[in-house]
Amino acid sequence: MFWLKIVANFIKILRAGQTPAQVAGGFALGSILGLSPMFTLQGIFVWLIILILDVNLSAATLSLTIFALFAYIFDPIFHQLGYFLLVNIDPLKGIWTTLYNAPIAPLTRFNNTIVMGSFVSALILFTPIYFGMRQFVVAYRSHIGARVEKMKIYQIITKSWIVKTYQRIRGMGV
Amino acid sequence: MRKKFVYYALIPAIIFFIIVYIFIDSWIESGFEYAGEKIVGAKVEIDNLRLSINPIGMEFSRLQVANPNDGWKNMFETGKVQFALNFGQLLRGKFIIETMEVNNLILGTKRTTDGTIPKQKEVDKPEEESTSLQDLATAKTETKEEKSSPSFDLDKIKQNLKLDSLLNPNNLATLRQLDSLKRQINDAGMQWQNTLSEFDRSKSSLTEIETKVKSININNIKDVNSANDALNNAKSAINKANEVKNSFNSQKAVLSDGINKFSGSFKSIDDLATQDFRNVVNMARLPDVSMKGLAEMLLGKDMMQTAFQYLGYIDMARSKIKNSPKEPPIEQPKRLEGQNIHFPTDRSYPKFWIKKMLLSGGTDKAQDPQYFYATGKILDISNDQRITKQPMIMDLSATKSGSTNLTLNATFDRRIDPGVDTYKAILTGLRVDDMSLGQSDFLPAKVTNSVADASIIIEVPGSHFDSNVKIAFKNMNVVFNRQPGSMVERIVHDVIAPLKGFNVNLHMWSNKDKFDVAFATDLDDQLATRTKKVLGDEVAKIQNDIKNKLNAQLAAKRAEVEKLYADKRDMVLAKVKEQENLVNEKLAMAESKKKEIEDRIEQEKRKQLDEAQKKLDEQKKKAEDELKKKAKGLLKRF
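Residue numbers (the numbering used here), protein chains in the order written: chain A, 18 to 191; chain B, 69 to 706.
Next up, chain B with everything else stripped away, as it sits in the complex (with noise of 0.2 Å):
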């Protein structure tokens, strides 16, 4: 044993384990606060942390955590949180927590310091295409923005609308389609000339059977052989013939595929031209008179932009949750790292798990009105939900002076992978002082004093995202920041003055990195009614006169390509007729003698029959007479 042992190990150790218990409070609470601030991306403070050993745990008076969109406004702060660690797992190196309390729970209070940390300019890291949902949202907006308020103003209209730069023939796919299938028609033609020049070539192949057959007479059939002869000339003629339909069938199938193809070209034309009708009433910029995506324009700026706000917390809570790691392979590990082997467990534990965390909003105490105390408890907060086999789960109701409800029920699922997140709010009572409409070169406008209830519903499975919010506006009243100017105008003025309440929808759903947004409300009816009134019949007016235009021009092509295409139609089926009518009837003919010869050849037959016959009888006859005779001699000779 050293004998100055109390110099060389106590007195440091005693030394040490007293600079440790002056400042481990200290130096846990900075590493919680840089912690937290690596997480949020905004400053989080800490106050008056303190260790406890028995039970061992920790309690602190306050927790406050800075909106990382608005340095100048906290996420939210809490005052007294206590909590106390499971021992038996500590010692196996895991921090456990059955319960934590989290006293006066306040939502978005101001601050007194500016909360936002400067962001580290990251050096020799390639710039990434942002995928959060916050991002995306943002630059879909941006595109949107681009798009002006329609113009009603009839008369300006009708002085810009210039017919002849619309229908200009570069502008008409019908047009290009007509002059497709003249082209087409010609080529066809001329193939189709082809074909029947063919017809001309066999027609020399009827002359020969023609003369074939003439050539057979049917009076020099005297004998067995010269019929024969007859009859296979005949034959001959008939497969003749019959070589020749064959290949007149086959070229008059060919022709009429080609004939009504073109016909089928024809009808698909009409769609062209309803197309075609349909461009060039977008390029007259011809009010919409259904109004569509006005309400947006009008509501959709303010509601939108809140929105997206919200998103950044989805973005947040969908990169902060991490997955549970996976078992890693038997590899090479980093050096002097090694490997973490597991072993099976009785029960596992994550390294880190809060079981329950209680949270109350104070309500023991004044609430201030203009903020939201949240009571509720989140379930299973863990680094490893694989291994509690838990999601995270949130479950808040808050409420604001006493009006203002907020009920926010969260799933956080890491189980599985890609994770889920789901949301489900309701928000009720919001008081909704002011809120602008319009745009500020459109019937700039606000509401105020209205009063809104919301009920929100998100998915966030992986990299996908899917919201669905309702929002119903009650007791609205709508304040216009100057007179309408444009017809437009004056037609919103008047639909929204005397409204106290509308709904609205907003969907909003992304799939990786495309985002969209589908707002509808009930305005937009209302609006397209009272714009049909007063403007229907005048718009209507100028796209009939347009469409009347558009169909006189494509009249004029169609009726030129039509009449060539039945020109060279007529031509060909009076081509194809007058040759099957040729072959037919050289079929016909030869079928004609073939018959004759046979019919010949069987009188002949009859004939020779009939003189064998003759003979055979006299012969008979004759040898019956000598026998007579005979027996007569032998009568007379007894």
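In isolation and in its complexed conformation, chain A is listed as follows (with noise of 0.2 Å):
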């Protein structure tokens, strides 16, 4: 039910709300965690811009998830990414090297060819997920939404007893 409540919130700021820059940087933010590895330096960084900077929480979370998915399924593109950006680039061989040796940035797990590839991939793909979603928001606002909703399969969730019983239960007590 939090993943739903995640949706519903998703949906419902897509309608109105934030503004499309935020809604787009949390979801942007939300990617690089998705795609990472959870437990790193950088993944810490990530979550405290995520608070500190004003970005949708609720689209950091939903892109983080479906993120994580696509992190999955690209595992073995990003190890062979890593890896040639760890050992067959060899003017870069001077900066790791450096980093291996420095402190606290060994803390990153730069080395792993895992960490490496979806760290850059992430970082890649920022600025086309921050602008594509951007795009997105301001036309779901403008007439998406208003398409989406006549359509007839919104129609049968909206009104399934599976809905409106989450939407008492979460009234309840209210």
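There's no promise every hint is true.
Just a few of them, taken from the derived set where beta-carbon distance is under 7 Å, the chain B residues facing chain A [what the hints assert, rightly or not]:
#1 Ala77
#2 Ile79
#3 Arg160
#4 Gly161
#5 Gln407
#6 Pro412
#7 Thr413
#8 Ser416
The hints are simulated quantities; they were obtained by calculation from the structure and are not laboratory data. Here the structure is a predicted model, which is why all the values come from computation and not from measurement. We put the CB at the ideal spot given by N, CA and C, even for glycine.
Put the two chains together into one complex, using the hints given.
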């Protein structure tokens, strides 16, 4: 039900509320967390950015979940990309060696192929995800939303007893 | 910036840090205890662990590590332990400790609670054959325990001695060998007979040669042609005789080899007979007057059980101190785990390294006389010796009640594969108040008020193991639980009772899954001398009886086989000799005839030459006469 609530909140925010930039920012930052392994120094740093910046938390959480699934699927590609960056590009080896010998940097586990590959992928995808999401929010608010609400499937889902029961339970004690 | 940042981030962060600050000590304490229990296999208890920030480090007031073999005792316990972590390396995710101070290290203290951890049942794991030294050693002891004490009741032995049954032909390898030899001689005899029948066939050839030679009549040689014919016949007879001789020589060689082979077999019968005698003596269960192994039976059980307990610690060191991990090959890693790529480092550090651990036995306080108080140092405890390039070195000295001293030097080298562990320990002044001797059914006794000195050297290269333990017992007093019963017990009693000390050498070694123990003591010689004095003559007499009867039984059979062999051999040799003479005779006859012919030819040649010369002279004279006649006529005319 927690995830249902997040989806509901997200749909609500898509309609109105926070600005498209805030929603897209939360979604793009959440994608970094979702694609990269969680327990790294840079993961904590991204969480702090999400908490400090006024971005949408529901969008971040939803994005984290979606992109974590992507991360599982694309794991071999991240491994190959990370291996390529760490091993096959000679000009970068000096940087990696310096970081490897520096304090704190090893705590980021940058020398792990999955960490490196997924983090670099997340950084590359950050901009398209951000702008794509912002465009989507604007479009949703202007015309997609109304069209979706008219769709039969939307009507069936919203009028289904599961959703009504959920809404009733949610409303209890309020 | 989020307007309510303080609610979203700051307050949760502060709450998080407060919780961490309050509970981190107990979390780390529990973590260490859990990790320690996993390693040791018994309870590990840490009291009052506290983290310090400046310098970043840790201290705790007490550490108890229970003995996995005896839950009511600690392997060791310590007083205050403190150490500081290298902050620079901590930021690199490495736990480097320059010096760790361990105070009041006491070995083998008693516990107030049971320190054993119930072993979890490992489901779905096939049972593997244990290669732990302790298990192998215990298995070895169990098989040894089946050995019973020797019986020296000579009357009983004589009564039970059933020589007919012991000398049953089925038990004697010599008889079996003689039977087999007899069969072989008979088989060989048939082959020899076949070869000899070939001699008979060759006799017709020899007769032919003889006839041919005799048919050559020297007197019939009148001219060159008849001489050549006779010579050719003689040469042909010689060739034929040589062919027969060559064939005979090869047959003779085969026969000689066969005959000589059996004479070698008869020599090996003597060795077999000696072995049979030993077997029969063993089956007769006659006492071994050398008394070899009796001292082991007397002393070994208690001593070895103690030694085997310590093998558990060697097993633990062997299995828990791991070989350094090697660089992982480039391969597909597990999902979501990735592969760590390592880069050159200015100075490498392993993940965990205690460079120096200083141990103090707490000499500043009153010491309990029943425990060992240890001081010393342990160097280079790390998770990767290939990086530190240093083996782990333990250098300890311990004292107990001021009179017992222990020094222990151990090295655990995991820089090479397989790792090598070495231990050198010297123990002096160890009080032995209650060590059992003998067995419940054989002279049960106890050693009391003794003092022992021991030196121990152990090497554990990989899965191999070799240890030498030398123990010298002094000031010994033996208390026997009952009066000696049998003769052996009386002998052993008489030897041991006045003893004040003895030396023991315990050698234990294993090669992968084979464990062996050699137990030697100077008691063996004393026991043997005494036993020989009492029993030697009697036992020797019984042994002689057995030997005589065995020899008589074997001699009859041997004589039978030897006669068979001799008959066959003599028959063959006689035939060979006869054939040899015959062949040589015919060959000589042919050669003699050839010589005669050649002489005749020579004689005929000379005769013809003389006749030719004579004719030439006559013609010459005739010509001269005519010439003279003509010359005279001419002169007359003039």
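(message) Are any of the numbered hints broken by this structure? If so, which, sorted upward?
(response) Violated hints: 2 and 8; rest satisfied.
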